[in-house]
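**Student:** Chains A, B and C, in that order, give the protein sequences. Sequential numbering of the first sequence, starting at 1, is according to this note's numbering. Sequential numbering of the second sequence, starting at 172, is according to this note's numbering. Sequential numbering of the third sequence, starting at 606, is according to this note's numbering.
Hints may be right or wrong, so weigh each one.
Said to hold, decoys possible - To give an idea of the interface, some chain C residues facing chain A are shown, with a C-beta separation under 8 Å as derived from the structure:
#, residue
1, 673
2, 749
3, 752
4, 755
5, 759
6, 767
7, 768
8, 771
9, 772
10, 902
11, 906
12, 910
13, 930
14, 934
Think of the hints as simulated: they come from the structure by calculation, not from any bench. Don't be surprised by glycine CBs; every beta carbon is placed ideally from N, CA and C.
Now for the letters of each chain:
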Amino acid sequence: MQRLSDIIERIVRLLALLGALGVIAMMLHVALDVTMRGLFGAPIPATVEIVSHYYMVFIAFLPLAWVERRNGMVSVEVLEGLLPAPLLRVSDLLVAILVTAIYATIAIITWKTAMTNFNSGSFVIVLNYRIPTWPTYFLPPAGFGLAAFVTAWRAFETLLGAVRPEQVHES
Amino acid sequence: MSLEVGFYGIAALLLLLLLRVPVAIALMTVSFGGIAVLLGVTPALGILQNTPYSFVSSWTLSAVPMFLLMGFVAFHAGLTGGLFEAAKVLLKRIPGGLAISSIFACSGFAAVSGSSLACAAAMGRIAIPEMVKAGYRPSFACGSIAAGGTIGALIPPSILMIVYGVFAETSITQVFMGGIAIGVLTAIGYSIVVLLTCWLRPDIVPRATIGSEETSLRNAIVGVWPALVLILIVFGGLFSGIFTATEGGAVGALGAIVISAVTGRLTRKVAYDSLLETLMTAASLFIIGIGAAMFTRFLGITGLSSFIASTVGGSDIGYFQMMLIIVVIYFILGMFMEPFGALLITLPVFLPLLEAADVSLIWFGVLVVKLLEIGMITPPVGLNVFVIRNVASDYASVTQIFRGVTTFLLADFVVVAIAIIFPQIVMLLPNALK
Amino acid sequence: RELRVGPAAPPAHPANSHLYQKLVEYLPEESGGALTAKIFGPEVVSLPQVKDALQSQVIEIGNLLPLYFPAELPNMAMAGEMALSGREPHVMGAAVTEFIVSCPACIEEMKGLGVVYLGSGSSGAYHVLSTKPVNTAEDLKGLRLRSGGAPFSRWAEHFGAVPVSLPVGDTFESISQGTIDGSIASLGDLLSFRLVELVKSINMVVVGTYHATSNFTVAEQTWGSLSVDERKALARAANRANADFTQRWGYEIGKEAEAAANEAGIEFVAPDAGLTEAAEAYAQEDQSIAAELSRDRFNMDDADQRVARFLELVEKWTAIVEETGPDANAIAAKVQEEVWDKVDFSTYGL
Ligand code: NA
Ligand code: NA
Numbered sequence: 001m002q003r004l005s006d007i008i009e010r011i012v013r014l015l016a017l018l019g020a021l022g023v024i025a026m027m028l029h030v031a032l033d034v035t036m037r038g039l040f041g042a043p044i045p046a047t048v049e050i051v052s053h054y055y056m057v058f059i060a061f062l063p064l065a066w067v068e069r070r071n072g073m074v075s076v077e078v079l080e081g082l083l084p085a086p087l088l089r090v091s092d093l094l095v096a097i098l099v100t101a102i103y104a105t106i107a108i109i110t111w112k113t114a115m116t117n118f119n120s121g122s123f124v125i126v127l128n129y130r131i132p133t134w135p136t137y138f139l140p141p142a143g144f145g146l147a148a149f150v151t152a153w154r155a156f157e158t159l160l161g162a163v164r165p166e167q168v169h170e171s
Numbered sequence: 172m173s174l175e176v177g178f179y180g181i182a183a184l185l186l187l188l189l190l191r192v193p194v195a196i197a198l199m200t201v202s203f204g205g206i207a208v209l210l211g212v213t214p215a216l217g218i219l220q221n222t223p224y225s226f227v228s229s230w231t232l233s234a235v236p237m238f239l240l241m242g243f244v245a246f247h248a249g250l251t252g253g254l255f256e257a258a259k260v261l262l263k264r265i266p267g268g269l270a271i272s273s274i275f276a277c278s279g280f281a282a283v284s285g286s287s288l289a290c291a292a293a294m295g296r297i298a299i300p301e302m303v304k305a306g307y308r309p310s311f312a313c314g315s316i317a318a319g320g321t322i323g324a325l326i327p328p329s330i331l332m333i334v335y336g337v338f339a340e341t342s343i344t345q346v347f348m349g350g351i352a353i354g355v356l357t358a359i360g361y362s363i364v365v366l367l368t369c370w371l372r373p374d375i376v377p378r379a380t381i382g383s384e385e386t387s388l389r390n391a392i393v394g395v396w397p398a399l400v401l402i403l404i405v406f407g408g409l410f411s412g413i414f415t416a417t418e419g420g421a422v423g424a425l426g427a428i429v430i431s432a433v434t435g436r437l438t439r440k441v442a443y444d445s446l447l448e449t450l451m452t453a454a455s456l457f458i459i460g461i462g463a464a465m466f467t468r469f470l471g472i473t474g475l476s477s478f479i480a481s482t483v484g485g486s487d488i489g490y491f492q493m494m495l496i497i498v499v500i501y502f503i504l505g506m507f508m509e510p511f512g513a514l515l516i517t518l519p520v521f522l523p524l525l526e527a528a529d530v531s532l533i534w535f536g537v538l539v540v541k542l543l544e545i546g547m548i549t550p551p552v553g554l555n556v557f558v559i560r561n562v563a564s565d566y567a568s569v570t571q572i573f574r575g576v577t578t579f580l581l582a583d584f585v586v587v588a589i590a591i592i593f594p595q596i597v598m599l600l601p602n603a604l605k
Numbered sequence: 606r607e608l609r610v611g612p613a614a615p616p617a618h619p620a621n622s623h624l625y626q627k628l629v630e631y632l633p634e635e636s637g638g639a640l641t642a643k644i645f646g647p648e649v650v651s652l653p654q655v656k657d658a659l660q661s662q663v664i665e666i667g668n669l670l671p672l673y674f675p676a677e678l679p680n681m682a683m684a685g686e687m688a689l690s691g692r693e694p695h696v697m698g699a700a701v702t703e704f705i706v707s708c709p710a711c712i713e714e715m716k717g718l719g720v721v722y723l724g725s726g727s728s729g730a731y732h733v734l735s736t737k738p739v740n741t742a743e744d745l746k747g748l749r750l751r752s753g754g755a756p757f758s759r760w761a762e763h764f765g766a767v768p769v770s771l772p773v774g775d776t777f778e779s780i781s782q783g784t785i786d787g788s789i790a791s792l793g794d795l796l797s798f799r800l801v802e803l804v805k806s807i808n809m810v811v812v813g814t815y816h817a818t819s820n821f822t823v824a825e826q827t828w829g830s831l832s833v834d835e836r837k838a839l840a841r842a843a844n845r846a847n848a849d850f851t852q853r854w855g856y857e858i859g860k861e862a863e864a865a866a867n868e869a870g871i872e873f874v875a876p877d878a879g880l881t882e883a884a885e886a887y888a889q890e891d892q893s894i895a896a897e898l899s900r901d902r903f904n905m906d907d908a909d910q911r912v913a914r915f916l917e918l919v920e921k922w923t924a925i926v927e928e929t930g931p932d933a934n935a936i937a938a939k940v941q942e943e944v945w946d947k948v949d950f951s952t953y954g955l
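Pulled out of the complex, with its shape left as it was, chain A reads as follows (with noise of 0.2 Å):
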């Protein structure tokens, strides 16, 4: 089980490093495209449709399993303090499991689209230039997916009554 533990750990820092990358280059590719327009008046054709069909599907997506693994969701804790702890541990588990069925049908019906979008090829038309849009719709069934696998593992150490997983933020 700590095996197991450890390669789920491993998969989401790895996600996460990639999520970090898709960071980096936007905001290279952002920067570079304001400078070529204000500098040499030719910016970096289809930056916008990059950023959007990109970037921000991998910094959005990605991250989601990492997220969950470090418990960076946001919840409002109003019964936090008030409730006894074996009644936590049964809301965590609740919880945990109601969070992976939502992740799960989100990645199941995304995978749909993405391979639909696959195989017609989808791309769109910016400037002449053809940005083709269907890879990163294998993103949300990705970090979804992962995500699911994350919290259904949260349930199982939940429901097996190990350590009720602390607030972390730092990786």
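For chain A, the structure is supplied; the task is to place chains B and C with the ligands on it using the hints.
**Tutor:** Just chains B and C with the ligands, lined up with the frame of chain A:
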């Protein structure tokens, strides 16, 4: 019948949130269930399927992670620390000086950011730790920046005001001008809140700033320059037309990184922490945004706007009654919805009424954006509070930040009342422009 | 039966006011009360969501933007590539409608997306709306202009301008910041996107039209569940609304925008002979470029014939519209007669 489903949906949402379901998942669950009841399971699945991608693949939204990165790098590399040292020295005689200067820093930053999220994202990590260090109660410090961030959408440029102008087919430039007045009023209102809190509750806002004696004025001024260069890059670039507010985040983040590198502050740890915190904050915020977008679609399907139309229209009511109803409606919608959705649902109802009542659409645009921004900091779904919760996770929980925001909300309602009772204050600049 | 319909545009936009609100009015008339429509606004279904919303039955009829799906809708994409050949909005709306409806492959590709096509409309002519005066072709050089599609970008590049691609909603911010110098757009954008506050000069050279729309795109399941008479009624109602929409977007809004522009002190520049000639010549040249691109990009082997067929229909409708004048009712009647009355609604789109 549809509308009833909407009310049950809101009740279910509150229940799920109380049961500690993450905000994003609570919103998604209720939207899915509600749409399944109204239209069937296939449409409900359809909403789950296409909202995530369509919400996230947005050029305008890209400013948020970029401004987050700028804020995190500035904080971790200590670029802005000097600025706060200087502020402490200069403002040590002013009660609540640090919070007030942070609020005015938000207002200044508002001039380069188009949305309140971007504004809160950039300012939160920089200002909150400094306030806490100086002895402010963390929930209050967080609340002041969550609220201060809303000024980002009031002072131009403002994406919400552009969307309003396009929707209402009215002058965006004039709405912008009106926004300056409401933005300044808001900043003054928030500052008064800080002063009053300091006076009444010195345990929340300290009367004397801790640590202000440690730095000499000379050292403080020397420490300021990295922040000044960063400010110069972002403001200079925006005002000279080199980039737009949406692009400003990327330039600002790169600027922060370059300044850190040049001054030898860019360690591996600084880079690593900044990037991962940006990612954590952005991803957890986007997923809430996706949930909020689904919830908006659900409420749209319930026929909420025709319900609002039947509430407001029909009866013959006066100006102040009409405004009261409008304020209450936006307050309620703002609790649960993201601002763009609330705008799209309400304007088709309100605009014809206002035109009939001969109310200035410029003035109304300013008021609406102010009301929508109040929704960014009201529970249970307050996006500015959530972004602050992530950038300052060590300091306060969501509930505590919502509590910290309440006094600022009071100031907001005073500002709204002033705008309604004395519309000429808002219209001063727009009219002068004409 | 009440159909859920999505204009994906706010109430003041012609796609809402003169397309979908008209459908709501015409549908019960044409169907003898059997069909009605209920509008779901952009807060429920926005433009990028229309395809998925139709496929998952969130809405049953939607305003689909074919520009988003060139891989899935090659024929429609090709019609869009012919933007620079557009002169008269009603001609283009009718020509695209006949082009798609009379082409089995086009109906097939719509079917691939799970939808049925019920006609197109057209914008008014695109001009150069800018903050710097454009008097001659020379003045276009180096100008950064927002372009809403590949043909307009080619046009801009041909004249030495720098085409910039931006979401249309960002045009205001970009012009007001000065990161772009203007937009290639119809006069309607002066009002719809408030460019009237920023633009200083409008060169009235006709660049082309935007006409590759699919105004009423019906979900397959919905279409299949309607009786043949109901389908005919829906097509008639849609056809009338299509003409109203083009009347509004292509003519009326332009007049209102012109008045607003005059009031705002915007200068209207008549293109000099050199620019007019050069624009006409390039529009000709671009027809073969469009064919070539369609062959390479959309895997269309018979692109030359398709382009020729499209131009033939433009010619046909030019003659018809010359006769009727820009009159929505007369044109709707003509399109009904020439296009929809020839359709077999027991098989169309199924
Ligand atoms: Na702003
Ligand atoms: Na709220």
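**Student:** All hints are to be evaluated individually against the structure, with a verdict given for each.
**Tutor:** Hint check results:
1. The closest approach between the C-beta of residue 673 of chain C and any C-beta of chain A is roughly 7 Å, which is under the 8 Å cut-off, so the hint is satisfied.
2. Interface hint at residue 749 of chain C: satisfied, since its Cβ lies 7 Å from the closest Cβ of chain A, which is below the 8 Å cut-off.
3. At about 7 Å, the closest approach between the beta carbon of residue 752 of chain C and any beta carbon in chain A falls short of 8 Å, and the interface hint on this residue holds.
4. The interface hint given for residue 755 of chain C is met, as the beta carbon of that residue sits about 5 Å from the closest beta carbon of chain A, less than 8 Å.
5. For residue 759 of chain C, the interface hint holds, since its Cβ comes within 8 Å of a Cβ in chain A; the closest pair sits about 6 Å apart.
6. The interface hint given for residue 767 of chain C is met, as the beta carbon of that residue sits about 6 Å from the closest beta carbon of chain A, less than 8 Å.
7. At its closest, the beta carbon of residue 768 of chain C sits 5 Å from a beta carbon of chain A; the interface hint therefore holds under the 8 Å criterion.
8. Against a cut-off of 8 Å between C-beta atoms, the interface hint on residue 771 of chain C holds, since the closest Cβ of chain A lies about 6 Å away.
9. Checking residue 772 of chain C against chain A by beta carbon gives a least distance of about 7 Å; that is within 8 Å, so the hint holds.
10. Interface hint status for residue 902 of chain C: upheld, as the beta-carbon distance to the closest one in chain A is roughly 6 Å, under 8 Å.
11. At a threshold of 8 Å, the smallest CB-CB gap from residue 906 of chain C to chain A is about 17 Å, leaving the interface hint violated.
12. Annotation: interface hint on residue 910 of chain C violated; nearest CB of chain A at approximately 22 Å, more than 8 Å.
13. With a cut of 8 Å, the hint placing residue 930 of chain C at the interface with chain A is violated, because the nearest CB-to-CB distance is about 35 Å.
14. For residue 934 of chain C, the interface hint is violated, since its Cβ never comes within 8 Å of a Cβ in chain A; the closest pair sits about 36 Å apart.
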